[in-house]
Amino acid sequence: MDAIILQILNGLDKGSAYALIALGLTLIFGTLGVVNFAHGALFMIGAFCAVTLSRILTFSHTIIDESRTDFLGNPLKVQVPYVQDFFGEAAGATIIDWAVPLSILFAIPVMILVGVVMERGLIKHFYKRPHADQILVTFGLAIVLQEIIKYFFGANPIPTPAPDAFRGSFDFGVLLGFEANQIIYPYWRLVYFAFAAVIIGGVFAFLQFTTFGMVVRAGMADRETVQLLGINIDKRFTIMFGVAAAVAGLAGVMYVPINPPNYHMGMDFLVLSFVVVVVGGMGSLPGAVLAGFLLGILESFASMKEVIDLVPGINQIIIYLVAILILLTRPRGLMGRKGVMED
Amino acid sequence: MTKSNLTRRGVLRSGAIAGAALGVPTYLRAQESGFTNAPGDSSVTLGFNVPQTGPYADEGADELRAYELAVEHLNGGGDGGMLPTFSSQELDGSGILGRKVEYVTGDTQTKSDAARASARSMIEKDGAIMITGGSSSGVAVAVQALCQEAGVIFMSGLTHSNDTTGKDKRANGFRHFFNSYMSGAALAPVLQNAYGTDRKAYHLTADYNWGYTTEEAIRSSTEAMGWETVAAVKTPLTQTDFSSYIAPVLQSGADVLVLNHYGGNMVNSLTNAVQFGLREATANGKQFEIVVPLYSRLMARGAGENVKGIFGSTNWHWSLQDEGSQAFVKSFGTKYGFPPSQAAHTCYVQTLLYADAVQRAGSFAPCAVAEALEGFEFDGLGNGPTLYRAEDHQCFKDVLVVRGKENPTSEFDLLEIVEVTPADQVTYAPDHPQFAGGALGDCNNGA
Amino acid sequence: MLGLGKKDTTLLLIVAALVVFAPFILNPFPGGSGMAQFNAGYPDLMQRFVIFGIFAIGFNILFGLTGYLSFGHAAFLGVGSYSAVWMFKLLSMNVLPAILLAVVFSGLFALLIGYISLRRSGIYFSILTLAFAQMCYALAYSVLTPITGGETGLQLAQDDPRILDAARDSGNLPVPGLFGLEMRSTADLVLGDWVFTFSAGYYFCAVVMLISFYMAIRIFRSPFGMMLRAIKSNQHRLNYTGLNARPYTLAAFVISGMYAGLAGGLMASMDPLAGAERMFWTASGEVVLMTILGGVGTLIGPVLGAGLIKYMENILSKINGDILHSWFAFLPDGLEDFIVTIVYPFIGKGWHLTLGLMFMAVVIFLPGGLVEAGQRIARAVRGRRSDDRKSATTEPAE
Amino acid sequence: MGILEVKDVNKRFGGLKALSDVNLSVKENTVHAIIGPNGAGKSTLLNCLVGKLIPDTGSVMFDGQSVLGRKPYQINQMGISRVFQTPEIFGDLTVMENVMIPLLAKRDGAFRLHAFESVEDETDLRHEAETMLEEVKMLDKRNMHTASMSRGDKRRLEMAMCLIQKPKLLLLDEPTAGMARADTNNTIDLLKEIREKRSITMCIIEHDMHVVFSLADRITVLAQGTPLVEDEPQKIKGHPKVKEAYLGEAA
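Chains as they are written, first to last, in full-length UniProt numbering: chain A, 1 to 343; chain B, 1 to 447; chain C, 1 to 398; chain D, 1 to 251.
Take these hints with a grain of salt, some might be off.
To be verified - When the alpha-carbon atoms are kept at most 25 Å apart in a straight line, the in silico DSS-like pairs for lysine-lysine are as follows:
no. : chain 1 : residue 1 : chain 2 : residue 2
1   : D       : 71        : D       : 168
2   : D       : 235       : D       : 192
3   : D       : 154       : C       : 7
4   : B       : 167       : A       : 305
5   : D       : 27        : D       : 141
6   : A       : 124       : A       : 235
7   : D       : 154       : A       : 128
8   : D       : 7         : D       : 106
9   : D       : 27        : D       : 237
10  : A       : 305       : A       : 235
11  : D       : 52        : D       : 71
12  : D       : 192       : D       : 154
13  : D       : 154       : D       : 27
14  : D       : 106       : D       : 141
15  : B       : 335       : A       : 305
16  : D       : 27        : D       : 52
17  : D       : 141       : D       : 71
18  : B       : 335       : A       : 77
19  : D       : 192       : D       : 7
20  : D       : 166       : D       : 154
21  : A       : 77        : B       : 405
22  : D       : 141       : C       : 6
23  : D       : 106       : D       : 52
24  : B       : 100       : A       : 77
25  : A       : 77        : B       : 330
26  : D       : 137       : D       : 168
27  : D       : 166       : D       : 106
28  : C       : 89        : B       : 167
29  : D       : 197       : D       : 137
30  : D       : 7         : D       : 168
As the list claims (entries may be wrong) - Listed next, with one range per pair, are the computed distances between beta-carbon atoms:
no. : chain 1 : residue 1 : chain 2 : residue 2 : range
31  : C       : 161       : B       : 410       : 54 to 60 Å
32  : C       : 338       : A       : 152       : 35 to 41 Å
33  : A       : 330       : C       : 357       : 57 to 63 Å
34  : A       : 152       : B       : 425       : 28 to 34 Å
35  : A       : 152       : C       : 380       : 17 to 23 Å
36  : B       : 410       : C       : 325       : 30 to 36 Å
37  : A       : 170       : C       : 321       : 48 to 54 Å
By construction, these hints were calculated from the structure, which means they are not laboratory data. Glycine residues also receive a C-beta, built at the ideal position from the N, C-alpha and C atoms.
Given these sequences and hints, build the entire structure.
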């Protein structure tokens, strides 16, 4: 039982990441009809917003410490961050420690800007082009973005830990009435889950309760009609692209303490997020979220030792297997609408 | 089938006639030397095949730096690096057999196909006489097989799987790097000292060849000293989040977690394990411990503070105090501004070893070089007295057991050497079961 | 000729000429010169050009004609490679049975996957094929290691049975051949500073490629090909015209799967090792990119796209800083360093960047892919008079 | 006994009864029109005839065989061709190819792997196709891509694609919907011309009375899923029940 609960927790956590990426992807599908292969790259850029901010915060000047030596035997150069000069050592250290949560504030404008520039500068010209062209251009863009990040940050993962207060784990099982040490869960993963819930809720509320959202939803259903009504749907779609980029970016920012980011993390998530979107049903926001969590949980169950012993290799293929089964039983995914992306 | 009308590098006689008819000065490039890509009188070309794209790109970049340094030293540039400390004093900075060393580079992409394509282009287009490099066993085995067929020497870079000099060994291939068995043999006594003999281990193993051989090696050496293996779970190579594999560990009754992971897998699984509080946990009344059999300092950086206090093994580390290592660190550090990685070290040493073997053999012919390398004993290259064993072309030398440092002084100072396990302790018989099933075959001169 | 129209015959002859003289065409720069770096006329790369050309031609039969975008075609290439290597291990080093088995196996495999995947269309079909291919990759890399060799790939071994081949006394592994002609045998022709290499393997692949290309033209011009284009155009109308779209798409899927298997079998014949990465989704994506880059639905486009991507991969990635410095050595020092600094991120370890930029540039400026570039040049040369006559390469589809 | 016999067909969508006890008989070589206000069940009935929907009960017999459970392409192979409300043609193909395809479908059946034959070599079929295009006055456009053609041209092409199969029954689903008066008249002329030139059975679904009365031999009026009357056009005009149905809708 406790093992099951543990894996459900893990699944919810993984699912949060899947759902957040898929949400933006399906938003772009639904509103703009664009197959965006650069969406994974947006997730990656978000993650590197966090890295960049922590680099900025630790921007340092060098002092020479004569008492210690470096690997060549010369006096050790010690880096002192400017932040510590400005705010004092303790306050400076705290600010650096909180770099990841602070990056949210930094990432939102950056990501919206990236999204809008991408849409206006490139994607806009591809609305009426075949999906094949969209794939080629967004894939090219993804590679370029990836290589730019690699040029500045290298290929290796970059450790970017959570603030001290959220590091480590606590006994979740005790809260549920289990014995101690049965369900240990890291704080940051719960933060991530809560954060994802807030973002998902926010996007839904935005689309549900604002006139802007109403128009966008109407546009997703029938673009031409809305245009006939004289509403400038294109401008709204640009903003939606910015929102989708911001959602992916924030998913990336908050993900860095879970796994150190590297330049190809976007590609690692790209295929998976497409599978999630399609399993959920093309253009369906609730579908994407549902499928994200479903696949996250199933993946977690499939990685249990007992399951692998029963079916060797199941952990390798579970996501794809489930995707195939769902698509064969439900032609348009879990919650897909007819006629979206079927040609 | 075995009867061949064309020799491997046959000669197109009609071409000569055509050329002559056109009045173009023509000659036939005959292979009097009798081996592939015999170098000319002035220069010799080596092929450095390293991952330049993909997850191991930084490691590949470090290998490339080491190769450039080695070429510089062989050609008499720089401070000579390890040349003065090398026990064999055949190399004098005048290139190899008086020929200036030149090199070509390629990108393995850490894919066996791409690596072979790149190696073939070096052999076919650039006339490389020796191929070296790589950062994974899959690539090493694939390229080694290719070099065997083509008739050039392969000096592998970073490859840790037993198979490289075990079931997939080849007569033209040589490995300086250590292997899974050696990691197990070196780690076991240290782990016994630190954690006792009554331990229950939980293995997470990358689900591919290297993972299998490493798990097997660590299991057999830890079980031999009394540890029990509670479970061994295979994880997909493409896995990025290991939470669902890590979370059940504490419930399993295990008190040690062994992460048979490398590269990005290792960084993420270790990060996740620490996140889940395994470092602070107690199990069976003991402190819970984590072990990473193969450490790479470059990659360990990605795991940040999570490596602190965690044991593992490594082929070489820049903080070694012997003369050879110091000389190498000095010339590498002076040129590039940071210390070399173990991948850089093994690549540098392999290049020197090859050059020296050619020098001693007096010929570039692969079979002559192989003969010179087989059973060669040397010292001064950083790992103490070393033997290139003739039976399987594996180097036998000291293995380092390291631990993540508690108070690093710099971003490079992540590991501290706990023990230098002498070569004797990690030596095994050539027919050891973990290495069974392959044959070197005959060396191939190609052409 | 051979049942082809005049334009198609011309196209086939041009392609044949290009392929036959490739060792000369691809080696325009004399050895030893700075530009020799850009020579592509060595056996391995030439083989890759034609093999990936075959792969892309086959993919285009499915994608270009029916519009069904398979994102898992690399799986068939992998299956073809594995079958061929197993044939080398068990039966004989002759390439013919290996290639035959590769085609048959990948065809059967495509039949199975196509039968299931073609129950859906559009992006749902793409994801189904992607899922199957990723499953193949994941299993081949891990639990199927005894069959596939896993990480290190499936290789030949000394003690393989090879029941049809005579016992060997040499300690070396046998090499694939065609009735005694070893695939790796080469002959060099030296003309001045130029060395032209003629490889048996390359010419074998080239012949297979020309046959494949010829068959593709026939398919494009056949009633069958017309039906496939009708499926892409309007499946609804097709159903009400008395045609069953499913067997047509399935046939196209199987045919393109067999092309992929053929490419895989050839790849194993040139280099007898089959690795699981061949089936990874990026490999499937690569053939999609090749096809789009060259020109979807055109005959020659996919071959051009395949050639360009493989050229960039193999040539750009090998340029390093030293080579750059030697090129620009004639410049004053400061300028030399400056130019090298600018160019450096685009070559060697940065070749992906150039590739990505090229994808974007082609799709932005040449919506029809490389073939469109060719058309524009041809139009500029021929002037206005040919407006009503479409270029031979693009007639079949838009 | 008509060529198309619909007996006691019922079809429900959830709680909505779309068709109830529909009986219909289309005689050979007649033009039979089905009219009725919006929501009368015309489209549902049509979809039951072409295999897109399967009735809950009842039978649909064509030429002595049941069409129920057959796929659209199978029903076409039985001899029913269909014209859509908005012309459905192969937009990426040329006019010539558009008419070659139904011809090949007629000759080779629902599937044939004729991958190594050549379209160029099918001289007989090409000739037949050219004759057909001549008839609909499109021969000069045979090498045009169809996507850019006018709607009227598309309609004529679609008609040609159906006629070239020499169907035993031609179904027309509101062939003039959304057309301007002039286009409508052109279409009526085209259909009349077709009728005169060849003996053909047609079934037209339409709510434009002008079209119906210009063409039909017999008319069935459908209202709320049930056939109200079936009779000759003159008798339908001013029929009280028909008035009621249309007025009822208006009110």
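Verify the CB-CB distance for residue 338 (chain C) and residue 152 (chain A) against the hinted window 35 to 41 Å. 20 Å, violated
Are the Cα atoms of residue 52 (chain D) and residue 71 (chain D) separated by 25 Å or less? 7 Å, holds
Satisfaction of hint between residue 106 (chain D) and residue 166 (chain D), Cα-Cα up to 25 Å: This hinted pair holds, its Cα atoms lying about 9 Å apart.
Does the alpha-carbon distance linking residue 77 (chain A) and residue 330 (chain B) stay inside the 25 Å limit? Answer holds: residue 77 (chain A) to residue 330 (chain B) is near 17 Å, not above 25 Å.
Status of the given 48 to 54 Å range, CB of residue 321 (chain C) versus CB of residue 170 (chain A): Holds, since residue 170 (chain A) and residue 321 (chain C) (Cβ atoms, about 51 Å apart) stay within the stated range.
Holds or violated: residue 106 (chain D) with residue 141 (chain D), Cα cutoff 25 Å? Holds, at roughly 23 Å.
Does residue 305 (chain A) sit within 25 Å of residue 167 (chain B), going by the straight-line distance between their CA atoms? 29 Å, violated
Can you confirm whether the C-alpha distance between residue 124 (chain A) and residue 235 (chain A) stays at or below 25 Å? 11 Å, holds
Given the hinted pair residue 335 (chain B) and residue 77 (chain A), is their alpha-carbon gap at most 25 Å? Holds, at roughly 18 Å.
Residue 335 (chain B) paired with residue 305 (chain A) [C-alpha distance capped at 25 Å]: 49 Å, violated
Could you grab the alpha-carbon distance between residue 100 (chain B) and residue 77 (chain A) and see if it respects the 25 Å cut-off? 39 Å, violated
Assess, step by step, whether the Cα of residue 154 (chain D) is no farther than 25 Å from the Cα of residue 128 (chain A), and give holds or violated. 23 Å, holds
When each numbered hint is compared with the structure, violations occur for hints 3, 4, 5, 8, 10, 13, 15, 17, 19, 24, 32, 33, 34 and 35.
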